[in-house]
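*Asks:* As given, the protein sequences belong to chains A and B, one line each in that order. The first sequence begins at 0 in numbering that gives the first Met the number 0 and counts up by one. The second sequence begins at 0 in numbering that gives the first Met the number 0 and counts up by one.
Errors might be hidden in some of the hints.
Stated by the list, open to error - Sample of chain B residues facing chain A (criterion: CB under 10 Å; computed from the structure):
#1 R26
#2 N112
#3 I186
#4 R262
Unchecked claim - If you want the footprint, here are the derived chain A segments under chain B, 3+ residues with CB under 8 Å:
#5 18 to 32
#6 171 to 181
Hints listed in this document are in silico derivations from the structure and should not be mistaken for laboratory results. In this text, all values refer to a predicted model and were calculated from it rather than measured experimentally. For every residue, glycine included, the Cβ atom is placed at its ideal position computed from N, Cα and C.
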Amino acid sequence: MANISASNLSIIFPHYQNYSRSIKNLIIDTSLGRKNSFKKDGIYALDDLSFEIKKGQKVGLVGPNGSGKTTLLRVLSGIFHPSKGSLSVQGNIASLIDLSGGFDQDATGYENIFLRSILFGQTKQETNKRVEEIIDFSELGEFIKMPVRTYSSGMMMRLAFSIATSVKPDIILMDEWLSVGDATFHEKATRRLNQLVEDANILVMASHNEDIIKNVCSRVLSLENGVIISDASSL
Amino acid sequence: MKQKAERNINGVVKPSRDLLDGTLGFRIWFMLALHDTKQRYRRSILGPFWFVLNNLLFISILGILYSQLFGEDIRTYVPYLSAGFITWQLIAATLIEGSTAMVMADNLIKQVNLPMSSHAYRVAARNLVILVHNAPLFIFFPLVMGVSLGVELLLLPISTLILFINSSWVCIVFGLLGARFRDVQPIMQNIVTISFFFTPILWKADLLAERAVYVHLNPFVHFIELFRMPLLGQWPSDLSLIIVSAITVIGTFLAWLSLTLYRNQVAFWI
């Protein structure tokens, strides 16, 4: 079962000045009886959102830069926790938000496959079964034994994509439709991604590309300044 | 309508459960700790034994020199120095690296929803791995110097476990503090440098004569005694055991409390 439901969900980013990032300043201010300088003034990145995403829905998030799309994806993926309100997410999540971040640059591609898979909840045995398939798909060949540091950005993306898409999730979170590699790889990747999205129970994708939203999504949430301004079945 | 902020993914993740979830997820942080160790030595042939060799030389040379300076018997001074110094290395590394446990894991924290305590365990575990590498030296110096070791050695695995528990809560509490306040690490660095000289590692407490009693106010002493006394063929004092137990319990509670209060803020801080 896959389901996402949020009620009165708010994310408040604490806004710290350099001054208030120092514990020395805090101690001095407190001992001198000065107040307020450490009071948090937060920014509402998401403001009182309530929505429900049911099984089978492919949701597109649209809105200008800074409207809260990526923040919402990060909340759904479990990285940010609601400052107010509540959120319930049921189902396995694959987060394709920031693919190439998080590689250990000095470890080999092979080691990184294991590191990532285990961090994202797979066991070593499960990864062992999939590792050949991942290497094959990435087309990295002998480079898989080299440190990721030596990869071109295209190679890194190919590896990241191959790892991230090697499991079948219930819920996919995506920040922009992924576009990876050169022409031939791109075609292969697109096919796999389409299949993955089709098989998944829920897709939540932030995008600025209207064509992709129209093609992929069955529901469109428009965000502005952290508020949902419209919730429609198309753009 | 005011609701309590909560999040529920497949029924897990509550701030108050973070410490437990992290402990149960030992596979993840143990893998990361081993990975860190491997990374650290990737480019050196001797690997982690470079550390051991370094300590071997340092303790031998310093042992010869300082036993003369302090007018101590080299046969008791060198084992005393090696046990104290190697244990201190773990304490120092914990205090310094612990305060950046969360900050250094920022990439992971922004990508995966792991228990926050696992990042602290990772730091504690990788320093434990170094301590274990050094274990031969623990035994080597007393043997060479002819200390009669006995049944007290059985305490060492327990001492190691206690040190690991304490190292973990330090990494959690100071890791959280260090994520919020960026000047925690330099402060810890200062504390460690000064504490090294204030802690009887190079010198013995009885040199202080009637002021020796003040040494017991230093908490580090009692953790070091947990290793040093068995390696000198003696049991640690009751006072040391009581203080260490108290610190372990209070510290673990502090770790649980600070995770419960601040765990969900870390992603915003880093």
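*Asks:* Confirm or reject each hint.
*Replies:* Against the structure, the hints come out as follows:
1. R26: Where the cut-off is 10 Å and the nearest Cβ of chain A is about 7 Å from R26/B, the hint holds.
2. N112: Interface hint status for N112/B: holds (3 Å vs cutoff 10 Å).
3. I186: holds (7 Å)
4. R262: holds (8 Å)
5. 18 to 32: holds (count 5)
6. 171 to 181: Contact hint for the region 171 to 181 of chain A vs chain B: violated, 0 residues under 8 Å.
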